[in-house]
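S.K.: Sequence:
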Amino acid sequence: MRKRGMAQKTLAEHTQMTPDAMSRALRGQRGFAAVELADIARALDEDVYYLITGELDPVRLNFAARHRFDHETKTRSVDGLEEDRDVLIKIQTAFNLAGELSATSKLPADPAKFREILGPGFVERFADKLEVLGVDVVVLSELTTAYSFTVTGRKVIAVNGSGNWFNENWSIAHELAHHALGHEDVRPCSDKVDVFEAKANNFAAQLLLPEESMRAFDWQSTLCNDLADFLWESGVSTGTVKARLNKLGIVPSHEISAALELKTQGVLRKYWSKSRHVQGPDKITDRMARASARCFPTWLRSAHLQRIESGKLNKSYLAWMLGTDEAELEVPDPAPMTPIEGDELLSLLR
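Here the working numbering runs 343 ahead of the position in the sequence shown, where the first position is 1.
If you are wondering where the hints come from, they were derived from the structure by calculation, not from laboratory data.
The reader is advised that the hints may include incorrect statements.
[What the hints assert, rightly or not] Straight-line alpha carbon distances no greater than 25 Å define the calculated BS3-like cross-link-like pairs of lysine-lysine that follow:
1) K449 - K472
2) K613 - K417
3) K655 - K613
4) K417 - K535
5) K433 - K658
6) K346 - K417
7) K626 - K606
8) K585 - K613
9) K617 - K585
10) K585 - K449
11) K658 - K626
12) K542 - K472
13) K472 - K456
14) K456 - K590
15) K626 - K472
16) K417 - K433
17) K535 - K346
18) K606 - K590
[Stated by the list, open to error] Label-pair ranges, simulated between beta-carbon atoms:
19) A381 - Q351: 13 to 21 Å
20) S645 - E554: 20 to 28 Å
21) G348 - Q649: 13 to 21 Å
22) A381 - N405: 16 to 24 Å
23) P463 - Q563: 19 to 27 Å
24) E576 - A601: 15 to 23 Å
25) G423 - A586: 18 to 26 Å
26) G348 - E554: 32 to 40 Å
27) K433 - G654: 16 to 24 Å
28) Q649 - E598: 13 to 21 Å
29) E598 - K433: 41 to 49 Å
Since the structure is predicted, the reported quantities are computational estimates derived from the model, not experimental observations.
Note that CB positions come from ideal geometry on N, CA and C, so glycine has one too.
Take the sequences, apply the hints, and build the full model.
M.R.: Shown next, in the form of structure tokens:
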């Protein structure tokens, strides 16, 4: 209660207990009913297992969440946490059902090292690049924000597929930071949420907009079409660039400042030369479509398919990952078991 700044009376209001019953229970003059513990756990965003034993649940899904920061109240929140929790557990289950997982190797804590490993233009295929490093990215429209967690040593990043690739890139970079810096259990009630979130944002800024690149760009004499190129290649939003310039104390020209007040898509549609095509695909729309597409690691889908074919799994989770109806998903039937007869059967019975 103290850690979350919640008064005893307020906690009682969130449960089926009267203030007097809560007071006596906390003084050890009465016990807690199971339903009361469940209500208290929900109100404090804590596990019933921890409330009963004083120890962390060994099978609990510990995750770091990307928080929304309210500049007026200076507080962080994850408004969709309750509805996202079931989706996260379902993702965790999908990984656990895939069989033995290969653990992710130790990740560098230096954003510059990551840039070196990922190579130039990595934001165009950010998720694919990370999968090679043993970090799996899941994109689902059901999620309201981004999360990072570990399943049996395998590091996972789950983001909401909104179609805004610039938000998606920042979310992936932010959650990658939590993995690289060893942050776990970063939720609104966590002790170090402000510290961890600030470090993750700083990591993401250095990864996507390194200081040397920002200072090498001529922000005073550059034109808006150059800004559009910069946004496209960096894979970030106008708001992110504006915040990074403020952080580094770089003052752009009046024209660039005005452009940075526009929406990212607006700048690209207006100034990016490659956005106008007489023939061929629209690159902006194509990038939006890829950012909104339901995505699970290729190896995970293949692992489920193999286990379905061998009769070890049903196809419900694979259908969910693919975003299709289970009844419409056609997969090979499990191979029939060869009956054991004669001498072979006798040898097994000896």
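S.K.: For the pair supplied as a hint, K346 and K417, confirm whether the alpha-carbon distance does not exceed 25 Å.
M.R.: holds, 17 Å
S.K.: The hint says 13 to 21 Å between A381 and Q351; measuring C-beta to C-beta, is that right?
M.R.: Since the Cβ atoms of A381 and Q351 sit about 18 Å apart, the hinted range of 13 to 21 Å holds.
S.K.: Within 25 Å, alpha carbon to alpha carbon, are K626 and K472?
M.R.: At roughly 20 Å apart (the allowed maximum being 25 Å), K472 and K626 satisfy the hint.
S.K.: For a C-alpha distance cap of 25 Å, please report whether K606 and K590 respect it.
M.R.: holds, 20 Å
S.K.: Compare the distance between the alpha carbons of K472 and K456 with 25 Å, and conclude whether the hinted pair is satisfied.
M.R.: Holds, at roughly 14 Å.
S.K.: Check whether the Cα positions of K535 and K346 lie no farther apart than 25 Å.
M.R.: Holds, because 11 Å separates the two Cα atoms, which is no more than 25 Å.
S.K.: Verify the proposed pairing of K417 with K433, using a straight-line Cα cut of 25 Å.
M.R.: violated, 32 Å
S.K.: Taking 15 to 23 Å as the hint, is the beta-carbon distance of E576 and A601 inside that range?
M.R.: holds, 21 Å
S.K.: Are the Cα positions of K585 and K613 separated by 25 Å at most?
M.R.: holds, 18 Å
S.K.: For a C-alpha distance cap of 25 Å, please report whether K617 and K585 respect it.
M.R.: With Cα atoms ~23 Å apart, K617 and K585 stay inside 25 Å; holds.
S.K.: Next pair to validate is K417 with K535; report whether the Cα-Cα distance is within 25 Å.
M.R.: With a Cα-Cα distance of about 15 Å, the restraint between K417 and K535 holds, given a limit of 25 Å.
S.K.: Compare the distance between the alpha carbons of K658 and K626 with 25 Å, and conclude whether the hinted pair is satisfied.
M.R.: violated, 35 Å
Of the numbered hints stated above, those contradicted by the structure are hints 2, 3, 10, 11, 16, 20, 21 and 28, listed in ascending order.
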